[in-house]
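Q: The listed protein sequences derive, respectively, from chains A and B. Positions 112 to 892 (the working numbering) are the ones given, in order, by the first sequence. Positions 112 to 892 (the working numbering) are the ones given, in order, by the second sequence.
Hints are computed from structural coordinates only; laboratory data are not their basis. Don't take every hint at face value.
As the list makes no split between identical chains, a pair holds if one copy fits it or if it spans any two.
Stated by the list, open to error - Only pairs whose alpha carbons sit at most 35 Å apart, straight line, appear in this in silico DSBU-like list of lysine-lysine:
1. K891 x K769
2. K725 x K396
3. K302 x K396
4. K368 x K406
5. K573 x K440
6. K823 x K561
7. K725 x K302
8. K396 x K177
9. K885 x K809
10. K396 x K173
11. K368 x K643
12. K725 x K368
13. K574 x K440
14. K440 x K578
15. K177 x K406
16. K809 x K302
17. K885 x K769
18. K436 x K537
19. K211 x K368
20. K368 x K179
21. K179 x K643
22. K725 x K163
23. K720 x K368
Please read these numbers as outputs of a predicted model, since none were measured by experiment.
2 protein chains.
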Amino acid sequence: MLPNASGKVVVTVGRRVKTRVEEEGKIEEINVELPHEDLPPWEEKNLVWVGKGIPRVDGFEKCTGKAKYTYDIHLPGMLYGKILRCPHPHARLIRLDTSKAQRLSGVKAILSQENAPPIPWYNDSFLFDRTLRCVGEEVAAVAAVDEYIARDALDMIEAEYESLPFVVDPEEALRPGAPPVRPGGNLLDGKPIIYSRGEIEQGFDEADLIIEENFSTQVQAHACMETHGSVVNWEGDHLTIWESTQGVSDVREGMAKALGIPISKVRVIKDFMGGGFGSKTREGKYTVIAALLAKMTGRPVKLMLDRKEEFYATGHRPSSLQYVKAGVKKDGSLTAIYLRSIGACGAYETPLFPSKFSMIDALARPYRELYHCPNVKTEVYPVYNNIPVHTAQRAPGHVEGTFALEQVMDQAAHQLGMDPIALRMKNYALKDQVEDFPYTRKALDQCYQKGAEKIQWEKRNKKPGEKKALICEGIGMAGQIWGGGGGPPAYAIIKINQDGTANLLTGTQDIGTGSKTVFVQIASEELGISPKDITITLGDTETTPYAPRSSGSRTVPSVGPAVRSAAADAKRQLLDLAGSILDSKAEDLAIREGQIYLKNNPTRKIPLKEITQKMGNNMIMGVGSRGPNPPQAAINVFGAQFAHVAVNTATGEVRVLKVVSIHDAGRVINSMTLNNQIEGGIVQGMGYGLMEEVIWDKGTGIMLTPNLHAYKLPTMLDIPEVVPGVAEGSDPANNIGAKGIGEPPKIPTAPAIANAIYNAIGVRLKELPITPDKVLRALKI
Amino acid sequence: MLPNASGKVVVTVGRRVKTRVEEEGKIEEINVELPHEDLPPWEEKNLVWVGKGIPRVDGFEKCTGKAKYTYDIHLPGMLYGKILRCPHPHARLIRLDTSKAQRLSGVKAILSQENAPPIPWYNDSFLFDRTLRCVGEEVAAVAAVDEYIARDALDMIEAEYESLPFVVDPEEALRPGAPPVRPGGNLLDGKPIIYSRGEIEQGFDEADLIIEENFSTQVQAHACMETHGSVVNWEGDHLTIWESTQGVSDVREGMAKALGIPISKVRVIKDFMGGGFGSKTREGKYTVIAALLAKMTGRPVKLMLDRKEEFYATGHRPSSLQYVKAGVKKDGSLTAIYLRSIGACGAYETPLFPSKFSMIDALARPYRELYHCPNVKTEVYPVYNNIPVHTAQRAPGHVEGTFALEQVMDQAAHQLGMDPIALRMKNYALKDQVEDFPYTRKALDQCYQKGAEKIQWEKRNKKPGEKKALICEGIGMAGQIWGGGGGPPAYAIIKINQDGTANLLTGTQDIGTGSKTVFVQIASEELGISPKDITITLGDTETTPYAPRSSGSRTVPSVGPAVRSAAADAKRQLLDLAGSILDSKAEDLAIREGQIYLKNNPTRKIPLKEITQKMGNNMIMGVGSRGPNPPQAAINVFGAQFAHVAVNTATGEVRVLKVVSIHDAGRVINSMTLNNQIEGGIVQGMGYGLMEEVIWDKGTGIMLTPNLHAYKLPTMLDIPEVVPGVAEGSDPANNIGAKGIGEPPKIPTAPAIANAIYNAIGVRLKELPITPDKVLRALKI
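Sequences and hints are given; from them, build the entire structure.
A: Have a look at this one:
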């Protein structure tokens, strides 16, 4: 039920994919037959490659610096693009004089509102607009023979602005009489997003204990190592874009639409990428600007953002204010959960999803979904303010919502005198609380149990803050629910070569997570060919079949089943060929570790290579697509994390000593890349919990933290001991049994740390990030 | 029945492809099921795009210089490779000192017999061998930071050779006691290649007239505008090669084998190419050398041959000596044809085909196939001599053989007092003369008739040389037979985009002939989408499905049917989707010019785009392969050419005024590219007939013509008026009805000119090229 790139809802029913198309209010349902049947689950005991922690297939390139990132693309005659950005939080551009810049030697083109096509962008704004609603908005762009000249040219552009009233603080923006960020009021769509089930007031009436708390979470930057950017090249009317992106197909479609050219004329390529975390799912203004500059000059253009632009112009995780009220009975059962929250959109709606799927509302999902609770109401106020637009970031909403919800649960357990895990098990949801569908699999109980063992849960302070010392240690935990089930459409092709090796093609991308390796393992497993003999090609819209963007932890569960399906299709053909050569029936044969053997007599075998040599050039090509998800079922990833912290009560410093992180993500394809994801999520979650914050100056609308000195990311020395793990087993949701693990480990990190701090010092930290000053302030109360 | 790249014979039986694998003397037959059924022929009256002369889809790139040839590939850190070549026609390398060159600043690697792996090459020789058998053989190679340093380094390598006896003239090479080019004698396999049917002596006994003539043809260079060469780049163990080649898949497989690495680790890319003509079907030594130098240095290497190397080291059309004896009855019917010929292989067997398919023997094919004749014997002597190895060139063998055969026919007609066309019709073959299979289609009679009309055949001199003048004009003609039917395997994929545009992928290459355009037209026709909305990707082994190399005029008839099949597969899915949306049965719908309409009510229609928008990302991907050729049938291209010449009897100069060229190549897909092929073939055939000749100095083994000054190619001023045409209609051999036209127009050009000269001046020129000195000499006899 997650929206896809085009704002269309894909639901799966039976063996067909039903696409519900919503356009201009009309809803139509159409069926698309999937070309391939699904396959039975792998037999656990026979697995050869799946589950192994094999090193990344592209490890050599990464370690030697040979890996080609978008930054590394150099084309002959290439120009460099730079963007002039608005210095005011709200202004009208009244004069722009580019004539001096135009005369600078080496400047080849200048683009602005005066000569750019009026390409719609955000709400009712344009690529270049005379009304500018945040610091950093695009005013003009330059293409020059080198970066230095391009920068100099920016300095020579004269821009005159009329200042307009502005508002940065989201609560202020909601007040009557606040400066209007946009026509139509600062509340997105003029009303809160409301979800409700049961009778919330009745629920509170039934409660023995009511918990009421206020929480706030900050703006977090994605801080990608590789900044956003593009290299573009026109060949006639054919546009090639090298883009640092999580979604080559999305960029392709977005660019075709923005430029008004056929999709078939746009090729988007991404090989290696240095981080995205949700911020690189679509083309940016910079992509379109680069394409226009290249068109104007007839030369390739490279336009990569610098670090300051990366902070200003690529989105961020929005801040939130959450008022939570929860009712529980004495036995711990939840009777009601109420959330009222304010989320700061920035100056525009995010272009990622239409407003009804707003990521601002996503923070209410854990309240609705994590626990069994009959009466739930969430009321979310998305508000415009004069800062750049927010976007998705690793587990959007869930990270913010879970920070508050899981502290409320911890507090309830404390007040009821219950073990926090016992309280959670008391409210264990056995089906999807919103749709009432059963889960395809839920092993959260195993996660609680395994995590508790590994952190030595029994060693936590029985009474929070019971030990008074300079350094107080504590243990806390939190759980999580996430989508991560993926789904169709996704396609793959496998070509078998004469020497028994294979080439695998699919239109997804490896955004640094190890997708290449995982897909090679899946193909290896199904085909019986060693991973070293399979070469994978990803991230090229022109030559590979469609696969979705890498977001929502969907890459493995969406594309993996298509890869297996393609491998199975190739295997069928290989076994047919082998059967005709060996005078056996294809169904009596199998392939394993490069050998074709008789199932009922595995000692009779022949190297696969001897069979493939005989196919000559009659290439075997397997084509696969992902089968549909099981109908009327919910696919979720669950997990529990446990933090062991030490709090210095004199300095307020929090040190995370250890995090145990156990998730039910279905079958593990590669234990090494899975652990990498868990480690990365914990580090980013810890940064969110303890140090990272984008700070806006309310008086000027300027960001005070637009660089890696002011914006505090965790470093190697901050990283705790991480104990990753999984609830063993396979999820029947798809033919590989795997769900996504990219986002889940981030979700419960901050609340586990906050609960551990509470366990250590007996005070609850409800404002993120939990910096030493806040700890000291809390201790003095 | 043509051998494919691996020396395997592919024959087609029914709906399956039977691959006869011949390895180490064992023959096995295996069946490979083709994934798709063939399609019914197009309905002529409904054709929208097929047949039109639409301009090339890549015309813009070519005209603006944006087209990327192998020469244009620049990679960061790229080195330049150069090859030191042997200056002797036969020698043993006794000392090689590279130490001075090694010390030259900028030199990064030197490769020679001393440090290169012993990669087998030709017969029993190696990539670098101590025994060198022709001028130009590879002795050492250098990689340096620029081309100039690389050249300087070559000059600094000291090589000492022991001279060995050598022989250049092929007749001399066959004589007892001739210097041995290789161990085992100078006659390839020690015996002539003999073909025989009927009773040749009995045939001559039955004849009323015997014609006996000797002919000789010269060595012709391919003279590609873009010389041979490669740019190679290793990323870990993955090798990418940009190669100027007619066969990306062949280069891929050849390189994997030469380097002993998996095929899956080799990627070969060719975008644009400046000519191949048969000489660029496989990797060269330069390709392997570039890969080894790149491996040694850890840097990309560009190794492009210079013009002199292009003449020496890339093969050529071999010379021939042909003794022909033909018997005819008074009514013109042929009773016997006998050929004895000597062909010069050069110092090695060509690596292209095993010797039993030797191109040297191909010159006997027209003798065996062009006319109905019960008694035929051909006896071909392939001989080694100390010049570089020959290779395929546009219609190998047929060009040489037809030059002689069609003059013999002309001579017979003259001596019998018959119209040369009438004589040919008298001997019109109604089935394949070797296999006894019927032709799928043969409209050579139409070609004769149409050609005769267009040249005004009746205006020729009734008596050859009857008019005595300074400038004597004459008209002559010749016919041709060629394979050109193509065949499986070939595969294609078509992806339909949400905006109703499409991307077409296939692993063939456009070697300058217009394949991209033709395949887009075929897909357009089948899908009902405009060619401007289809983007094609070719020439990348990693991302596109297998298609054969572009040789043997096979590209259109092999790959075209696979493209149509893929388009039909996509159309089926599109119509299914449209049916579910429009509440119609898919079989009641059709697509034409971007509109989906009801077959029984074409006014009810909906733009395709509205349907494709609804598929969301549920991509429609059509997969197609070529169906088999009809069983027990011969597929041939036929044609007739008519030349109108003017001979200056004082200077001996021959001026071709007009050539009419009519072929039965089945259906025309693009009339413009077809005419281009005819024009190109005629120009190259005229160069062969009148001016081009690679001359070897018999005393030194050195080539006297290794540049475009000494080697005389036709220029724009030499080109005659060309009237191209076809025998209308479609060939049932495959689902697009088309055969190949790349090679046929070259075949009958030289004999048509020679016959026209005979008609003009009454003397017959039997030695190629027909230069003024030979004309004068002939006139004085």
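Q: Work down the list of hints and note, for each, if the structure agrees.
A: For each hint, the structure was consulted:
1. In the homo-oligomer, the alpha carbons of K891 and K769 lie at most 35 Å apart inside one protomer (27 Å), although the nearest pairing across protomers, at 105 Å, exceeds that limit.
2. Taking the closest pair of Cα atoms, K725 and K396 come within 35 Å of each other only across two copies (27 Å); inside a single copy the shortest separation is 52 Å, beyond that limit.
3. For a Cα distance limit of 35 Å, the shortest separation of K302 from K396 inside one copy, 29 Å, qualifies, whereas the shortest one across copies, 73 Å, does not.
4. With identical chains, the CA atoms of K368 and K406 are at most 35 Å apart within one copy only, with a shortest distance of 16 Å there and 43 Å across copies.
5. When the C-alpha separation of K573 and K440 is checked against a cutoff of 35 Å, the pair qualifies only within one copy, where the shortest distance is 22 Å, while the shortest distance between copies is 118 Å.
6. For a Cα distance limit of 35 Å, the shortest separation of K823 from K561 inside one copy, 33 Å, qualifies, whereas the shortest one across copies, 83 Å, does not.
7. Within a single copy, K725 and K302 get their C-alpha atoms only as close as 68 Å, which misses the 35 Å cut-off; across copies the closest is 31 Å, which meets it.
8. Both within a single protomer and between protomers do K396 and K177 lie at most 35 Å apart by alpha-carbon distance, with minima of 29 Å and 27 Å respectively.
9. For a Cα distance limit of 35 Å, the shortest separation of K885 from K809 inside one copy, 20 Å, qualifies, whereas the shortest one across copies, 96 Å, does not.
10. Taking the closest pair of Cα atoms, K396 and K173 come within 35 Å of each other both inside a single copy (29 Å) and across two copies (31 Å).
11. For the identical chains of this complex, K368 and K643 are inter-copy neighbours only, at 17 Å across copies versus 40 Å inside a copy, given an alpha-carbon limit of 35 Å.
12. Taking identical chains as interchangeable, the C-alpha atoms of K725 and K368 lie at most 35 Å apart only when they sit on different chains, with a minimum of 16 Å there against 47 Å within one chain.
13. Taking the shortest alpha-carbon separations for K574 and K440, only the intra-copy value of 21 Å comes in at or below 35 Å, while the best inter-copy value is 120 Å.
14. Within a single copy, K440 and K578 get their C-alpha atoms as close as 30 Å, which meets the 35 Å cut-off; across copies the closest is 122 Å, which misses it.
15. When the C-alpha separation of K177 and K406 is checked against a cutoff of 35 Å, the pair qualifies both within a copy, at 30 Å, and between copies, at 14 Å.
16. Taking the shortest Cα distances, K809 and K302 sit within 35 Å of each other inside one copy (25 Å), while across copies they are farther apart (95 Å).
17. For a Cα distance limit of 35 Å, the shortest separation of K885 from K769 inside one copy, 22 Å, qualifies, whereas the shortest one across copies, 95 Å, does not.
18. Proximity of K436 to K537 under the C-alpha cut-off of 35 Å is restricted to the intra-copy arrangement: shortest distance 19 Å within a copy versus 103 Å between copies.
19. Proximity of K211 to K368 under the C-alpha cut-off of 35 Å is restricted to the intra-copy arrangement: shortest distance 33 Å within a copy versus 60 Å between copies.
20. Taking the shortest Cα distances, K368 and K179 sit within 35 Å of each other both inside one copy (28 Å) and across copies (27 Å).
21. For a Cα distance limit of 35 Å, the shortest separation of K179 from K643 qualifies both inside one copy, at 21 Å, and across copies, at 32 Å.
22. Taking identical chains as interchangeable, the C-alpha atoms of K725 and K163 lie at most 35 Å apart only when both belong to the same chain, with a minimum of 32 Å there against 40 Å between chains.
23. Taking the closest pair of Cα atoms, K720 and K368 come within 35 Å of each other only across two copies (14 Å); inside a single copy the shortest separation is 46 Å, beyond that limit.
The structure is consistent with each of the numbered hints, conforming to all of them.
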